[in-house]
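J.: The primary structure of each chain is shown beneath.
Protein chains: 2
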Amino acid sequence: MKLYTYFRSSAAFRVRIALNLKGLAYETAFIHLAKGEHRAPAYGAINPQSLLPTLEDGGRLLTQSLAIIEYLEETHPQPPLLPKDPLARARVRSLAMLIACEIHPVNNLRVLTHLKRALGQSEEQVNAWYRHWIADGLAKFEADLARGKDGGRFCHGDQPGMADCCLVPQIFNAQRYQCDTAPFPATMRTFAECMKLEAFDRAQPSKQPDAD
Amino acid sequence: MKLYTYFRSSAAFRVRIALNLKGLAYETAFIHLAKGEHRAPAYGAINPQSLLPTLEDGGRLLTQSLAIIEYLEETHPQPPLLPKDPLARARVRSLAMLIACEIHPVNNLRVLTHLKRALGQSEEQVNAWYRHWIADGLAKFEADLARGKDGGRFCHGDQPGMADCCLVPQIFNAQRYQCDTAPFPATMRTFAECMKLEAFDRAQPSKQPDAD
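Residue numbers (the working numbering), protein chains in the order written: chain A, 1 to 212; chain B, 1 to 212.
Any given hint could turn out to be false.
Which copy is meant is left open, because identical chains are indistinguishable; a pair holds if it fits in one copy or across any two.
[Stated by the list, open to error] Only pairs whose alpha carbons sit at most 30 Å apart, straight line, appear in this in silico BS3-like list of lysine-lysine: (1) K22 / K207; (2) K22 / K116; (3) K196 / K207; (4) K2 / K116; (5) K84 / K2; (6) K116 / K84; (7) K207 / K84; (8) K196 / K2; (9) K35 / K84; (10) K35 / K207; (11) K116 / K196; (12) K196 / K35; (13) K84 / K196; (14) K35 / K2; (15) K2 / K22.
Simulated from the structure, these hints should not be mistaken for laboratory data.
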């Protein structure tokens with residue numbers, strides 16, 4: 001397998017964690033997001049959405065981080081990243097999607113760039129935007145996590161799964177922008193548990209070969 | 001089953017389509033998004049994310065539209081909303097998530113309200129923002145759809161599925177904001193095919209009891 005990745009891409013980070021958790025080795029191709037390499041026609045031929053990541057598996061090209069993680073779950077079921085019970089699966093997917101569909105998209109690089117260039121927002125205003133949506137989104141995550149918490153170490157039970165794959169990159173982003181995470185104790189305890197695992201630690205941005 | 005819904009919520013619209021495609025009857029509870037009823041503590045007790053929709057199934061509460069659709073797929077497999085082959089499933093999920101994780105979140109009501117109130121953007125500027133992200137996102141969707149198109153009527157093959165459940169509400173939004181959809185012919189042909197089906201037509205905003 002080959003992962004088209006960028007060290008700071010949250011979505012690529014999610015897939016790096018999932019691959020590590022499943023013990024799958026992969027090659028890497030580095031696409032420099034900040035330099036706009038994802039918008040080049042050469043990459044568009046690989047990923048028509050021109051987004052990161054892309055996973056190549058036996059010549060087949062897969063896109064969108066959560067679709068890739070579902071594919072890995074279906075093709076390499078062990079260890080599972082989703083529980084067995086449909087209701088529990090729905091809970092884990094809902095937590096993952098709260099991050100992937102509500103928090104992260106509003107703060108991704110192309111939105112921040114648009115705020116600066118098209119709306120003339122200052123760096124300080126862009127940072128305030130970033131922190132606003134982190135606070136809004138993590139409050140929702142904390143409320144959901146706290147309600148469904150089953151005493152397990154991770155988002156659901158004692159095995160890390162799809163929701164943890166999404167949570168950890170989001171917290172890295174929150175910390176990078178110096179967001180206040182004190183109001184989210186259950187979330188931050190779960191993050192800390194994840195970071196004790198080599199699969200999460202090895203996937204972090206600063207440990208990628210393309211980190212600058 | 002009971003669906004907590006709002007006629008104009010794209011995410012609720014996705015689940016209404018999925019329930020109709022699967023032939024599942026449901027009761028409704030109307031949560032008025034524009035009046036902020038989703039932020040009331042009473043609804044927070046039902047959905048800790050304070051978002052629409054919520055599906056209640058035998059007293060169990062499910063959140064996040066795509067997690068709900070995956071749950072329906074697992075608990076009511078016929079007719080399927082995902083193909084059987086893992087690679088094909090990944091393609092359908094990727095198209096669905098391109099809408100749910102890239103296009104819709106940047107244009108949802110709370111983001112538009114924040115642009116107005118916190119960033120002081122005029123209605124005209126907010127509309128320009130809306131159209132910008134529709135054009136950006138649908139161009140990606142069109143490129144992906146065109147590449148993988150298998151001659152079928154829908155996003156994948158001749159059966160409507162999860163990607164179609166996401167596409168149709170997004171096109172309704174695009175049309176409501178008078179976005180130019182001419183550059184996206186494959187996407188619009190697929191939309192037109194969907195709208196020939198009663199399951200999609202009956203789910204549309206103007207046909208909901210809470211439409212104003």
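J.: Please go over all the hints and tell whether each is borne out by the structure.
T.: These are the hints, each one checked on the structure:
With identical chains, the CA atoms of K22 and K207 are at most 30 Å apart within one copy only, with a shortest distance of 19 Å there and 46 Å across copies. Taking the closest pair of Cα atoms, K22 and K116 never come within 30 Å of each other, the shortest separation being 39 Å inside a single copy and 45 Å across copies. In this assembly of identical chains, the alpha carbons of K196 and K207 lie at most 30 Å apart only when taken from the same copy (15 Å versus 51 Å across copies). Taking CA atoms no more than 30 Å apart as the test, K2 paired with K116 passes in neither setting, with 34 Å inside one copy and 43 Å between copies.
Taking identical chains as interchangeable, the C-alpha atoms of K84 and K2 lie at most 30 Å apart whether they share a chain (28 Å) or sit on different chains (24 Å). Taking the shortest alpha-carbon separations for K116 and K84, neither the intra-copy value of 45 Å nor the inter-copy value of 44 Å comes in at or below 30 Å. Taking the shortest Cα distances, K207 and K84 never come within 30 Å of each other, neither inside one copy (33 Å) nor across copies (37 Å). Taking the closest pair of Cα atoms, K196 and K2 come within 30 Å of each other only inside a single copy of the chain (26 Å); across copies the shortest separation is 41 Å, beyond that limit.
In the homo-oligomer, the alpha carbons of K35 and K84 never lie at most 30 Å apart, since the shortest distance is 42 Å inside one protomer and 38 Å across protomers. Taking the closest pair of Cα atoms, K35 and K207 come within 30 Å of each other only inside a single copy of the chain (20 Å); across copies the shortest separation is 46 Å, beyond that limit. Taking the shortest alpha-carbon separations for K116 and K196, neither the intra-copy value of 37 Å nor the inter-copy value of 42 Å comes in at or below 30 Å. When the C-alpha separation of K196 and K35 is checked against a cutoff of 30 Å, the pair qualifies neither within a copy, at 32 Å, nor between copies, at 44 Å.
For a Cα distance limit of 30 Å, the shortest separation of K84 from K196 inside one copy, 25 Å, qualifies, whereas the shortest one across copies, 36 Å, does not. For the homomeric pair K35 and K2, the shortest alpha-carbon distance inside one copy (21 Å) is at most 30 Å, but the shortest distance between copies (48 Å) is not. Taking the closest pair of Cα atoms, K2 and K22 come within 30 Å of each other only inside a single copy of the chain (15 Å); across copies the shortest separation is 37 Å, beyond that limit.
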